[in-house]
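Please model the complete structure; the sequences and the hints are all you need to start from.
Here are the chains, one letter per residue:
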Amino acid sequence: MTAARPGSREPGDQEQPGGGAGAAGAPRVPAPRGGRAPGPAAPGPGTVPAVRRGTAPRQRTGRERTGGRPGAAPGPEGDGRLTHQELMSLLGVWALDACSVQEAACVEAHLNDCARCADEALRLRDAVTLLGPPRSLDLDPQLRHGVLESALARRPAVRPVPGWAAPYDAEAARLDALLHDINADEWDIPVRVRWFAGEERAGRSLTVAQVLDHLVAMDGLLARAVGLPDPLGADAPADPLERTETRWRLVTAAGGDSGPARLVAARAWEEWREQSRELVRTAARRGGRTGEEMLPVSVCDPGIFPGLGAAAGPRIPLSDAYLNRAFACWTHAGDIADAVDYPYEAPLGAHLRLLVDLTARRLPGSIAGRRRAGLATTRARLTTAGAPGRTVHLEIEGAGGGDYWIPLDSPTAAVTRVAARDAVAQVALADVEFCRLAAGRQSPAEAAVAGQGDQAAISDVLSALTALSRL
Amino acid sequence: MRRRLESGEAAALAELYDRFASLAYGIAHRVLTDEETTGRVTRDVFGRIWATPQSFDPDQGPMRSWIAGEAHRLAVARLRRREGTAAGSAERIRTASTAARADYIVTAMPAPLREALELARGGRTDYREVARELGITDAEARRRLRLGLQLLASATTYPDDVRREQRV
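Those protein sequences? They're chains A and B, same order as listed.
Quick note on numbering: the first sequence equals residues 1 to 471 in UniProt numbering.
Quick note on numbering: the second sequence equals residues 1 to 168 in UniProt numbering.
Some hints could be false.
Stretch by stretch, here's where chain A covers chain B in the computed footprint (C-beta under 8 Å, at least three residues) [stated by the list, open to error]: (1) 10-16; (2) 38-45; (3) 92-102.
The hints are simulated quantities; they were obtained by calculation from the structure and are not laboratory data.
Backbone N, C-alpha and C fix where the C-beta goes; we use that ideal spot for every residue, glycine too.
Shown next as structure tokens:
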């Protein structure tokens, strides 16, 4: 993704006192770049700088004023001449090496005859060397955490960002930074999004803008739940896929997906970012500890806890709704990063642990769902709610890891110390792998999973994990 | 923004960081070139605005300028400390300072000029492509790129003046 640095050439060639009177044979104004990439019309490397010979600049001032016509400069098409005005207008793109080889040759020929343009050309070319590397590409996400922590240590916040909203805040900032680093020509790269539909691999090729619009639509569900405006309108559907498709339709209808890919994405990007900021501000306004504030499931993304059902008023912690969006943000940022072949690291350990924990808590519902659908390979064992059942011990390794005992028989089964000790199987896998499985970005077969014990139970748990995934 | 910082809203600090961290970091990095010290300067800049939001006076200019100025000042101070009286240190500090000023100018110039420069920098993009990307005419792309560079060139004025003064 990095562009070649323009500044690393010709050190000191601006140090030509008196216009190169002493430098016989050296061009007065060297070409902007030694190694111009040879385009189809390029005469070959090395020929461009040799076009002109050095001339003292001050001698020709009079002529430049009166004439303004350079000698026999061929036009870009090979005939016709460029006026002084036209040549002057090319100085910037010449200095940046952003014009055709023919245009560059015309400009360079002109610079020998026109002191004013030669002066400006030197100035502009020096300015190009001042252009830094294109934005600092790798602002370490750890730095953000460190800077914020250290500032908050100097003066504690009156209104802190709650711990459960911090992962969303950080992941949104990371995706934002990733988008900043995308090169102009990468915006139309297809983003491959993969998940599991039932037991089958599913996938779709999206544009960056479509991915961002998907995030707008899904974050919008949380926005609506916390009293912010729904970007899809007040009577928008709650079903995730429907929401996303509605969003895409609305964007198309408004003409928002026509034009250069970069601009199309910029629109979605801006909207997504503003909404994500508003969500963080709202979280801070509401405050509270993890799990403290509950939302009715009917206003939440039903995919957070599969099988919970909208009836009978079960409630979902606000903190989980935020963690769920942090997870999605990370997952889709990873999709975009993969598409542009950019390394994308895991969230901070403390944040990753919260995401792993949420995923582990989502699992029992998914296991039960698969069992009801007849997809489970282990036989069901009836338990009464609250009674201990069989468990699988998940040993999640890494900074975000921990030990989890997943009830196999019923999501409401109690997990006791005894049951934990008697886990029918033990599965060890890394924190990131665990999340990638849950996101459907990886299949159980691809993941490095070490399991021992009841293989059928392990396979059920891993399949239930990937069943959590969706677009 | 200052009011939100004063009232102790941590989300405002995070937003400030997201908007200006690359500016502060970029400027400090141009001066210091190593990541660790640059990180420290970045931390100091945001620590300062958070601890004493009053030190930013909106009447003196936008927040962007304040951040850039602080990053520049703190980075040069660290570079001075590091360089001490080593040979050529004055020249190195001046060069670094010019580069940092140039960075600032790029970030502070009108968005249309900056966007055009961002697209054309690196020399891989022809200006016609820049024009297409931005939905403007070729002539307008040429104009913006030239104007942007002219603004950027003003970054060198300051050290030149210093050099001239020193020669006198």
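These are the hints, each one checked on the structure:
1. 10-16: holds (count 5)
2. 38-45: holds (count 3)
3. 92-102: It holds: at least three residues are needed, and the segment 92-102 of chain B offers 3 whose Cβ sits within less than 8 Å of chain A.
Of the numbered hints listed earlier, not one is contradicted by the structure.
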